[in-house]
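Colleague: Sequence:
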Amino acid sequence: MEESLNSTADPACFQEPPLAMDMIKQLDVFGTCLYAVLTFMSCVSLLLYLEWCVFIYKKMPYPKKTTLIWISGASPIIATMACFGMWIPRAVMFTDMVSNCYFAVVVYKVLVLLIEELGGSSIFLLRFSEKTFRINTGPCCCCCPCLPRVPVTRRLLFLLKLGALQYAILKTALSVLAVVLWTNGNFDLSDLEITGAAIWLNPFIGVLTIISLWPVAIVFMNTNSLLRSLSIVPKYAMYQLVLVLSQLQTSIINILALDGTIACVPPLSSQARGSMLSQQIMIVEMFIISLVSRCLYRRTYDTVPFESHDDEQKTSAEHSVPIR
177 MEESLNSTAD
187 PACFQEPPLA
197 MDMIKQLDVF
207 GTCLYAVLTF
217 MSCVSLLLYL
227 EWCVFIYKKM
237 PYPKKTTLIW
247 ISGASPIIAT
257 MACFGMWIPR
267 AVMFTDMVSN
277 CYFAVVVYKV
287 LVLLIEELGG
297 SSIFLLRFSE
307 KTFRINTGPC
317 CCCCPCLPRV
327 PVTRRLLFLL
337 KLGALQYAIL
347 KTALSVLAVV
357 LWTNGNFDLS
367 DLEITGAAIW
377 LNPFIGVLTI
387 ISLWPVAIVF
397 MNTNSLLRSL
407 SIVPKYAMYQ
417 LVLVLSQLQT
427 SIINILALDG
437 TIACVPPLSS
447 QARGSMLSQQ
457 IMIVEMFIIS
467 LVSRCLYRRT
477 YDTVPFESHD
487 DEQKTSAEHS
497 VPIR
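Numbering (the numbering used here), first residue to last: 177 to 500.
Hints were generated in silico from the structure; no laboratory data involved.
Think of the CB as a built atom: it goes at the ideal place given N, C-alpha and C, for glycine as much as any other residue.
Please note that a few of the clues may not be correct.
Unchecked claim - With beta-carbon atoms standing in for the labels, derived distance ranges: (1) 475 <-> 338: 28 to 34 Å; (2) 329 <-> 219: 43 to 49 Å; (3) 209 <-> 425: 30 to 36 Å; (4) 362 <-> 475: 44 to 50 Å.
To be verified - The calculated lysine-lysine pairs, modelled on DSBU-like cross-linking and capped at a C-alpha distance of 30 Å, are: (5) 307 <-> 240; (6) 307 <-> 337; (7) 307 <-> 241.
Construct the entire structure; sequences and hints are all you get.
Modeller: Encoded structure:
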């Protein structure tokens with residue numbers, strides 16, 4: 177039965193993705209208009225981001241401006257890479273690598289931003305030195321309410337930063353390794369055999385992702401009440417939305433393509449067509465997120481004042497004045 181299906185299927189359904197010029201020659205009027213609109217969206221996202229970088233470089237102090245530039249660049253960079261992947265189907269492996277590596281750094285930068293908005297590491301430790309953090313948050317331990325609260329110490333802050341930083345380092349290294357294996361024919365998403373590289377690398381990267389998201393969620397859940405005046409909740413929501421769309425949505429579409437749910441349409445095989453649909457949807461989603469993020473980030477503001485610490489210093493200073 178399987179052999180008869182293979183014999184009646186178009187040979188293009190079993191070939192590599194077409195070259196860019198071959199793909200362009202296959203476009204009809206609707207396809208040309210679609211490509212033009214999506215390319216325009218990605219270009220607008222990138223231009224708005226570059227203009228915002230100039231604004232924030234002039235208006236914001238260091239090191240907050242570098243952190244903000246990294247975070248707000250997630251959606252424009254992903255949209256730009258998706259546009260390249262749409263025009264050059266055979267480059268999807270490289271464009272996905274750039275997008276994933278960039279977002280891996282953004283995960284760490286979100287944690288850094290939460291700490292910097294509270295005055296930096298030193299002020300953060302002073303502010304919460306006598307308090308405890310609850311760690312039963314997602315994505316690891318949201319179903320474990322019995323976990324004890326942990327005191328905020330320099331060691332805890334180091335572990336939180338390390339948990340987010342490991343993803344930026346290891347994700348980049350494993351993505352480069354996957355591309356190297358792919359060029360040699362050893363990495364194939366459709367190869368689910370135990371001897372295949374994809375069956376080992378992808379679950380390991382998934383575990384690293386969960387471990388990195390946990391420290392960010394811990395800091396956010398314990399500090400968001402202090403940062404509501406800085407619109408930290410919608411900013412965090414945009415970060416979570418980019419995470420879901422760029423990681424989970426892409427994985428679901430790839431699974432549907434491998435399963436054959438997304439049909440082959442020559443010159444694109446099922447897997448190539450799934451990647452193409454993912455890139456096109458991603459451009460529209462990242463364009464909308466870029467516009468929303470611009471409204472949230474394109475403004476100047478100060479860090480949250482440490483009023484309790486200032487009051488303690490004022491009280492200690494008054495007590496230190498000698499009585500005459």
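Colleague: Look at each hint and say if it fits the structure.
Modeller: The hints, checked one at a time:
In this structure the supplied range 28 to 34 Å holds for residue 475 paired with residue 338, their Cβ-Cβ distance being about 32 Å. One distance hint, 43 to 49 Å for the beta-carbon pair residue 329 and residue 219, holds here, with the actual separation near 47 Å. Under the hint 30 to 36 Å, the C-beta atoms of residue 209 and residue 425, about 24 Å apart, miss the expected range. Taking the beta carbon of each, residue 362 and residue 475 are about 48 Å apart, inside 44 to 50 Å as hinted.
Between residue 307 and residue 240 the CA atoms are separated by roughly 25 Å; this keeps the pair inside 30 Å, and the hint holds. For the hint pairing residue 307 with residue 337, the CA-to-CA distance comes to about 19 Å; that is within 30 Å, so the pair holds. A hinted pair counts as satisfied when its Cα atoms are at most 30 Å apart, and residue 307 with residue 241 qualifies at roughly 29 Å.
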